[in-house]
Each structure stands twice: as C-alpha cells, then as structure tokens.
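Participant: With the hints as constraints, model all of the structure from the sequences given.
The lines below spell out each chain.
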Amino acid sequence: MTWETVIGLETHVELATKTKIFCSCTTEFGGAPNTHCCPVCTGMPGTLPVLNKKVLEFAVKAGLALNCAITRHSRFDRKNYFYPDLPKAYQISQLYLPIARDGAVDIRTGPGDKTIRIHELHMEEDAGKLVHDPWLNQTRADYNRCGVPLIEIVTEPDFRTADEVIAYLEKLKETLAYLGVSDCKMQEGSLRCDVNLSVRPQGSLELGTRTEMKNLSSFKAIARAIQYEARRQIELIEEGGRVAQETRRWDENKDASFAMRSKEEAQDYRYFPEPDLPPIELDPDCVDALRAAQPELAEEKRARYQADYGLSDYNCRMITSDQALAALFEGLVALGAPPRQGANWIMGEVLGALSQHAMEPKDMALTAPTLARLIALVGEGKLNRNTAVKVFEAVFDTDGDVDAYVRAHGLEQVNDGALVREVCARVLEANPQSVSDYRGGKEKAFGFLVGQAMGELKGRADPQAVNQALRALLE
Amino acid sequence: MKLRELTALELGAVIKKGEVCVREAVQAALDAVAAQDGALNAFITVAGERALCRADKLQAGVKDAQSPLYGVPMAIKDNICTRGVRTTCASKILGDFTPPYDAAVVEQLADAGAVSLGKLNMDEFAMGSTSETSYYGPVKNPWDLARAPGGSSGGAAAAVAAGMGWYAIGSDTGGSIRQPAAHCGVTGMKPTYGTVSRYGLIAYASSLDQIGPLCRDAADCAAVLDVLMGHDCRDATSLPGLDSDWNGSGPRADYGHLLERLTGDVRGMRIGLPAQCFGDGLDGAVRAAVLGAAQVLKGRGAEIVELSFPVLEYAVPAYYIIAAAEASSNLSRFDGVKYGWRAEEYDGLADLYRKTRTQGFGREVKRRILLGTFVLSSGYYDAYYKKALQAKAVIKDAFDRAFEGCDLLLTPVTPSPAPRLGDSLGDPLSMYLGDIYTVSVNLAGLPALSMPCGLDAEGMPIGAQLIAPHFGEGAALSAAHAFQLDTDWHRRAPKGGEAP
Numbered sequence: 001m002t003w004e005t006v007i008g009l010e011t012h013v014e015l016a017t018k019t020k021i022f023c024s025c026t027t028e029f030g031g032a033p034n035t036h037c038c039p040v041c042t043g044m045p046g047t048l049p050v051l052n053k054k055v056l057e058f059a060v061k062a063g064l065a066l067n068c069a070i071t072r073h074s075r076f077d078r079k080n081y082f083y084p085d086l087p088k089a090y091q092i093s094q095l096y097l098p099i100a101r102d103g104a105v106d107i108r109t110g111p112g113d114k115t116i117r118i119h120e121l122h123m124e125e126d127a128g129k130l131v132h133d134p135w136l137n138q139t140r141a142d143y144n145r146c147g148v149p150l151i152e153i154v155t156e157p158d159f160r161t162a163d164e165v166i167a168y169l170e171k172l173k174e175t176l177a178y179l180g181v182s183d184c185k186m187q188e189g190s191l192r193c194d195v196n197l198s199v200r201p202q203g204s205l206e207l208g209t210r211t212e213m214k215n216l217s218s219f220k221a222i223a224r225a226i227q228y229e230a231r232r233q234i235e236l237i238e239e240g241g242r243v244a245q246e247t248r249r250w251d252e253n254k255d256a257s258f259a260m261r262s263k264e265e266a267q268d269y270r271y272f273p274e275p276d277l278p279p280i281e282l283d284p285d286c287v288d289a290l291r292a293a294q295p296e297l298a299e300e301k302r303a304r305y306q307a308d309y310g311l312s313d314y315n316c317r318m319i320t321s322d323q324a325l326a327a328l329f330e331g332l333v334a335l336g337a338p339p340r341q342g343a344n345w346i347m348g349e350v351l352g353a354l355s356q357h358a359m360e361p362k363d364m365a366l367t368a369p370t371l372a373r374l375i376a377l378v379g380e381g382k383l384n385r386n387t388a389v390k391v392f393e394a395v396f397d398t399d400g401d402v403d404a405y406v407r408a409h410g411l412e413q414v415n416d417g418a419l420v421r422e423v424c425a426r427v428l429e430a431n432p433q434s435v436s437d438y439r440g441g442k443e444k445a446f447g448f449l450v451g452q453a454m455g456e457l458k459g460r461a462d463p464q465a466v467n468q469a470l471r472a473l474l475e
Numbered sequence: 476m477k478l479r480e481l482t483a484l485e486l487g488a489v490i491k492k493g494e495v496c497v498r499e500a501v502q503a504a505l506d507a508v509a510a511q512d513g514a515l516n517a518f519i520t521v522a523g524e525r526a527l528c529r530a531d532k533l534q535a536g537v538k539d540a541q542s543p544l545y546g547v548p549m550a551i552k553d554n555i556c557t558r559g560v561r562t563t564c565a566s567k568i569l570g571d572f573t574p575p576y577d578a579a580v581v582e583q584l585a586d587a588g589a590v591s592l593g594k595l596n597m598d599e600f601a602m603g604s605t606s607e608t609s610y611y612g613p614v615k616n617p618w619d620l621a622r623a624p625g626g627s628s629g630g631a632a633a634a635v636a637a638g639m640g641w642y643a644i645g646s647d648t649g650g651s652i653r654q655p656a657a658h659c660g661v662t663g664m665k666p667t668y669g670t671v672s673r674y675g676l677i678a679y680a681s682s683l684d685q686i687g688p689l690c691r692d693a694a695d696c697a698a699v700l701d702v703l704m705g706h707d708c709r710d711a712t713s714l715p716g717l718d719s720d721w722n723g724s725g726p727r728a729d730y731g732h733l734l735e736r737l738t739g740d741v742r743g744m745r746i747g748l749p750a751q752c753f754g755d756g757l758d759g760a761v762r763a764a765v766l767g768a769a770q771v772l773k774g775r776g777a778e779i780v781e782l783s784f785p786v787l788e789y790a791v792p793a794y795y796i797i798a799a800a801e802a803s804s805n806l807s808r809f810d811g812v813k814y815g816w817r818a819e820e821y822d823g824l825a826d827l828y829r830k831t832r833t834q835g836f837g838r839e840v841k842r843r844i845l846l847g848t849f850v851l852s853s854g855y856y857d858a859y860y861k862k863a864l865q866a867k868a869v870i871k872d873a874f875d876r877a878f879e880g881c882d883l884l885l886t887p888v889t890p891s892p893a894p895r896l897g898d899s900l901g902d903p904l905s906m907y908l909g910d911i912y913t914v915s916v917n918l919a920g921l922p923a924l925s926m927p928c929g930l931d932a933e934g935m936p937i938g939a940q941l942i943a944p945h946f947g948e949g950a951a952l953s954a955a956h957a958f959q960l961d962t963d964w965h966r967r968a969p970k971g972g973e974a975p
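Chains A and B, in that order, are what the protein sequence lines are.
Going by this note's numbering, the first sequence opens with residue 1, and the numbers climb by one from there.
Going by this note's numbering, the second sequence opens with residue 476, and the numbers climb by one from there.
None of these hints come from the bench; they were simulated from the model.
Mixed in with the good hints there might be a few duds.
[Claimed, not checked] List time: in silico DSS-like cross-link candidates among lysine-lysine, alpha-carbon distance up to 25 Å:
| hint | chain 1 | residue 1 | chain 2 | residue 2 |
| --- | --- | --- | --- | --- |
| 1 | A | Lys129 | B | Lys830 |
| 2 | B | Lys567 | B | Lys862 |
| 3 | A | Lys129 | A | Lys254 |
| 4 | A | Lys185 | A | Lys220 |
| 5 | B | Lys813 | A | Lys129 |
| 6 | A | Lys220 | A | Lys254 |
[Claimed, not checked] Quick list of the computed label-pair ranges, beta carbon to beta carbon:
| hint | chain 1 | residue 1 | chain 2 | residue 2 | range |
| --- | --- | --- | --- | --- | --- |
| 7 | A | Glu252 | B | Arg829 | 33 to 39 Å |
| 8 | A | Leu207 | B | Tyr855 | 55 to 61 Å |
| 9 | B | Asp571 | A | Glu300 | 57 to 63 Å |
| 10 | A | Glu28 | B | Tyr855 | 57 to 63 Å |
| 11 | B | Arg558 | A | Arg317 | 56 to 62 Å |
| 12 | B | Asp872 | A | Pro279 | 16 to 22 Å |
| 13 | A | Pro111 | B | Arg829 | 49 to 55 Å |
| 14 | A | Asp102 | B | Gln865 | 23 to 29 Å |
| 15 | A | Gly180 | B | Arg558 | 35 to 41 Å |
| 16 | A | Leu236 | B | Asp872 | 55 to 61 Å |
Even for Gly, the Cβ is constructed at its ideal location relative to N, Cα and C.
Facilitator: As structure tokens, then:
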C-alpha cells in the first residue's frame, strides 16, 4: 500500500519588541539568571499585566502578511497548568478569539507551487527556563524569558512532505524578518516548531491518528523527525498496530522520537477569558493604516526584479532571501549600477565573501555606494574585472574607499594600445618555444602567452585587449 | 477632646489646626488596639513603631498638608500589598510573604498623608462572609464577642467600629466591604469597578474585586474615595478619568470631587425599592430598619418608587461560579516554588505542589478552588462558566432597566444581623445564600454602599444598601449623607469598646 503523510505545524515565533508583553522588562537574550525580571513577569501576588501595544501591532502585521483575517474584537485567555517555569501557573494566551485567522502562504518546492492554509495566529507570553544541575541534583528556575512576547502560527494539515514543511518555514522566516517583527533565530529559540503528523492510505480522505512532536531545534532536525515519524507510523500500522495519539519528543542525538505523554495524560488547561485584560477592540482604520505601511515583501520584490530588471528566477530568490541583500541590490540600482551586473556581483563576490567569513548579510560592513563605485569603474573601463575582484576583497571588510585603494595600489586598467602591443611583442620574442608550439596547433600555448603578457602588465590590462594584440602579432 | 468620637475628617481638621498632633492620634489608636484587639483579633500585623515614626515625619509637614485626611490613622486589609510589611491574605501559605512593592492604593494613601497602623484580619484570601476562615483566628464582632463581624473585610469593619483607627481600606468581591460594615455598624462603600486600581490587591476574583473604604460615616467615605479613585496605567481594567486620561469614548469617571458633592439635598431623587429584596427570608427587624431608612429619605424630599428586580435569584449561583473559577486560576501561583510557605517534606514536584497546597490553604479556599476548577473543566465550561457569564449579562441589563425608573436602589445588605461565631462554618451553602443582596452589584460592576440604619432587638447593627448606576458614587454618598444628617445610627458605638 502507498501511504500519504499529513502534517500540520504549530510555530512559535518570538517577537522583536524591546520589552516584554505585559511589563517593561527587557527581552534581550541571555543575561544572568533572573536579572530581566520584575514582580509582574514573575507573577508576584497582586501584580497585573498590561499589554505592550507593540506586540499587538507586530501580531497584526504578521497576520496581514500571512493573508489572515484580522479579528476586530479579540481577547486574551488563561491557559492553566502547573510547572515551575510558569510563575503564575497560567499562561496568558488566546484560545477563543485569536488576533488573526484564515490565512494562506504560498510555497514552492521541487514538484511545484502550493498553498498552505493558516488556521490562526495568536499572541501569548513565553515561560521561563529550568536548568537542571545533575551534579547537585537540583533544578533552578530562570525567569528571564517569562513574558517574552510570542506569536503562535497554526497551519491546517496541508503539508505532505518534509520539503514542503521546510519551504514553508523558510518563507515564514523570510516574511517575518522582512516585517521586522522577529529575527527568527532557531538557535536562540526565537522560532520553535511543533510537528503534528499522521499517515493514511494514499487517496483516503480521512485523517489518521496524529502525534505531536516537540524539541525540534533546527530545520535539519525537523526534516529528520518527519521522515522518522512517518516511517514509524507506517511500520506500526503495517504490523497491525495502531498509532497512539500522544506527544513525542525528538532526540537529535539518538535520531529518534520518544513518547512524552498520551492523550489520556493530556492536561485540561481550563481556558477562560483573562479577566485582568480588557477585550482588544481594533479600530479598522488602524488595521488599514498598518496594511498600507507594510513593507514590500520578498515575493513582491522577486516579481518586480524579474519584470523590471530581467533577473533570473534563481538570482531573484537568492537576493530577496535576505532583506540586507535585497537592500544592497536596490541601493546599487538606485546609484546607477546596471541591475544585472549588480546582481552578478551579489551572487558571486558578495555571497562568496559572506560564506567565507561565515557572516550574515545584515552584519557586513560593505555598503551600496562602495560596490556601486567598483561596478562603475569596471563599466567605465578603468578597472578590469579581475582587478576589481581584488579591490572588492580589499574593501569588503571595512567598506574601504575604492578610489583610494585603486590609486594607492596603481591598479587602473592599462588602456594604452601601443603599450599593450609593445609588451606582447616582447613576450613573443622571449618565448620562441611557445610561439612555435602555438603555430604547431597547441592552443594551450596561447593561454601561457596571455598569462605572461598579463603578468608583465601587472594584471591591469583588459584581458580582451591582450588577446587581440597577441593574435594580431602571431598571425 | 475625645478623639474616639471624631470622624476621620474631624480628626484631620484638628490635626491641621494643630490642636492635636499626629503622634497623639496614632498613640490613641494604638492604645485602642492594645486594649481591645486581644479580644477582637481584627489585626494580623500591628505596625506600631512604623506608625509612630511616620507620625513624626508627617507632623513636620502638617502646615502644608492638602488632604483633609492628613495624619489620620487607619489600617489596611491584609490582601493589599504593603512594601516591607508582611501581607498574608490571612493564609498560612503567605504567612512569611513581605512584598517588595506597595499596592497603588497604598501609594495614594501615603501621598494623602495617611498613617497605617497595620494589616487587618479577614477571611482567608477574602473567601468567606464571617472572617472566620482566617488562618490567624476568627475576628470577633465588637458589638457582641460571640458573633462574627461579617466578612471578608471583618477585621476592617471591627477595627473602625471599635475605634482602632479612623477608617480602613477593604476589598469587596461579593459584598466583602458592605456586609461587614452592616454587621459592625459602620459605613462602607464599594465603588464602580475600574475606578480604584487593583494593582497590589492580591486577587480573589479579578473581574469582581474592588477596593473601597470602611468609615464612620458617608462623608469620610467620600473623602477616602477621593484619594483612592483614579486612573492607574498598571491596571488594564482601570478606567480613564474625566479630565486627564479620557480619550473621548467609553465610560468616564469624575475622580476626586465626591466630598464637595455631599449637599445632603435629596429633593426629587427617586429611590427604588426592589420588591424581590424585601421578600421571604428577610429578617423582620432588618426589613423594618431598611424601610425606615426609606421613610427618612422621603422626609427629606426623596421620592420612593417600588419596582421589580426579577433576576435576583440568579445572582448567587452566577457569582459563586465566576468568582470560584477566577479564584482557582488566581490562586494557582501559590505553589510553594517561588515565595510563601512550602511543605516541609515532599517527594518530587507533584508532591511538592500537592502537599504545599493541601497544607497551606484552609478548607473554604480549597472548596472554592475545587469548585472553580470543576466549572472550568473540559466538558463543563459551557454548562457552568459560560452560563454564569450569560446570567451576569442578564443581571446587568436588569440594573440598567431598574435605573430607568429611579436614581438609586435601596435594599437590605444582609437577610439578618451578624451570625453567631461557628454557625456558618458547617453550612457553607446558607452562608453563600446570605450574599443575595450584595453579589449582584459586583456582577454588574456598580457602586454601592452600606450605612447603619438601626439595631435589632439584641442590639446588633443593621445596614441599608444604596446602589447607584456606574459612576453614581456621588448620588449614593449624598443620599447616605442626607440620611446621616437626620439619624445617629452611624454615631452609635459598641459598648465596652471605649477607647481612651
């Protein structure tokens, strides 16, 4: 029998606000334990939450970008459960009236394009962290993360493969980063993903029993976990067993998942409306204003680059995959660089240098004016492409002055035809063997002669011009 | 001068004039505490040294004092956080809890020159109607030591009645200010929900809790409410005021002007008597005293209107479902992990929770946590909690309709005078039913006060309740003030409780 895997995702994204969702403590990552806390976020008796308006704004922006309907009358609910990382013993979340619902995200994978439906997006607070000390057999609570604002984005069970899941997560990450609402760093926990997975016979319309998988700390882990869990469920069913509805924990080291708790052990969270926070009434004008102020997202940029600049689909995707790269590209175009050349420089030298330095685009020093100047010098014939690459490498780290570097190192292109001819003639004279090899049909010898001439010219000549001069002399 | 006989405003005036110094007033109150509180148990914590220090500090600023309550000694219910002074909620579980912050009202009172004598006994976590559920022992009624003072602000009512401070700050979730005020012969008011910040009030039922004063008379209540009412950005349910924070939509409150409105003029005011509040189950003496109060107000020119309030019977069940549900969640944080009391021996996390909460909470608190947990459980939410919210909406509508035909409602506060100690503990259901006249006010978020209006045959005080529409504190206090101009029930003091 052929089996179909059905996957839905619950993704928690930490919002990039400066302060927490219900108090004014910082959201900065790290910090000594329990130093980013106050009586409100540690749930001291008598304290009350007050909603950070920025959280609402970011959630609405995210909802709009995911094509959701924004809920005009929304509110918070309490999710009640006991755990030492949750100081109030309830999490302020949204169950009954989430801020956004019924969205859609288009993704692209090898087999083609697909739309993933978004069930809902809601706001909630993060919990703290428990640190276990096996040496002392003690568990200590760190409440720094308590009250860090999150949005949870829940999809419909629309995924069929791990590739689709990764494509969706990449798209989500890209969109939220473009909006500036989250930096989506999985390693710092600002993007966390739970996978709901079931299998069913191909063609069946009924959903199988699903499991929920947690503790997925990288895209790679997600892909591995999906493959593992689908295989586990299929084997279980084929052996005549039944899939139990349960929560499972992915163990990256063991490359396997383990049951955490079953449906019977599932907690009753006793959700009810949070009485300490009044309902949220969103003014439609406010939502319209946010909609109007949304930045151009990656997809829109891609379409525009293709239509206006004729860039290839691949180049468009690469450049728009990161907001800093897209900004660099648009900066180059604005400064008069030919779009295709700008794109080529980014695809080649910029991405190469970034990967060599293991650096994020947003952290690089290089600015559009510097790269634009370099491109202009090549365009004007003042630098040859190879020398320009050397200049690029020299200015990349510190966004150095291109003109000053070129002057200081005497790198201007030699455009003096007579000088080139003179040097070429000298090279031919000095290498009679190569000349006769070339004349005897060895094309390789020509390359050697070009190299010799370029060397004499310290690489500053236009290689094309050297080629032509040599051929003319040899003929 | 007999300080004991002065109201808070009168004492404030003589302090201002320099006829009495703040230390004298504080010392008199502390003497009263020393003389009586062994029997009454109204205080959990007496902060005498602190109060005397504060008195001397305040004395230096007497000339520049703005507040009419400057230098007047008072006390605070022990569910309101006081920085550096232990705040127990009358529970074992918070027995060693000293907040590092003041409640908003404590800051406001400090700004107005109040001197706190300490923290007042109450029902544990404000759950109870007799102040007998306190871990620190029951409060006694100063009018009869064999009786309860009412609750949950029983320590507050007993302290004011016995002259242990000139006013007290309580909280009212279902009648917890008005009912003990009635049983102890003092005047107490729960203002409109959202007009006094709840920041620092340890929550029982967040959507119903409201802080308010217990005083000698209506004028003192007005003066204290002028201090307490106001917008607070730390409480998201706090309502914007008329002048500063109001954004042009929604309700608005006119803060800080209650005292100047007490004209005593009730001519043309329509006072409604809901038939359902004078039906079966009401003690004869209470009925007579409350109807007598109506006649007094009529005598001053008010118009008495009879009306029907058909949904009263839903108030108690709706209240106990909503309050218990919220309480079950609000009290979850007392788990022995972060602060407060922790079970001494336990085996693992679940056992730590179980033992701490089993041993740390009293019976009534556990009863309500269980009730609240049950009504919020999966499968029961719609049948109980959601229904209760619907009943709440119906009750709100019924009040809106009632206020189309009158300006204030006059009702009893309790079906009968103060119960004997121990009578209620074994019969929680009848204790709950005793809240019939007060809980609907909290469900609708309305302001209401309780004023003394008579004594029964055994000499126990009886209270009358005046309920106003939202933001109608001024009208209710004005009517109570008018009543108190013509009567002296509010000046009666329990025998034996004479302070020096």
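Participant: So which of those numbered hints doesn't the model satisfy?
Facilitator: 2, 8 and 10
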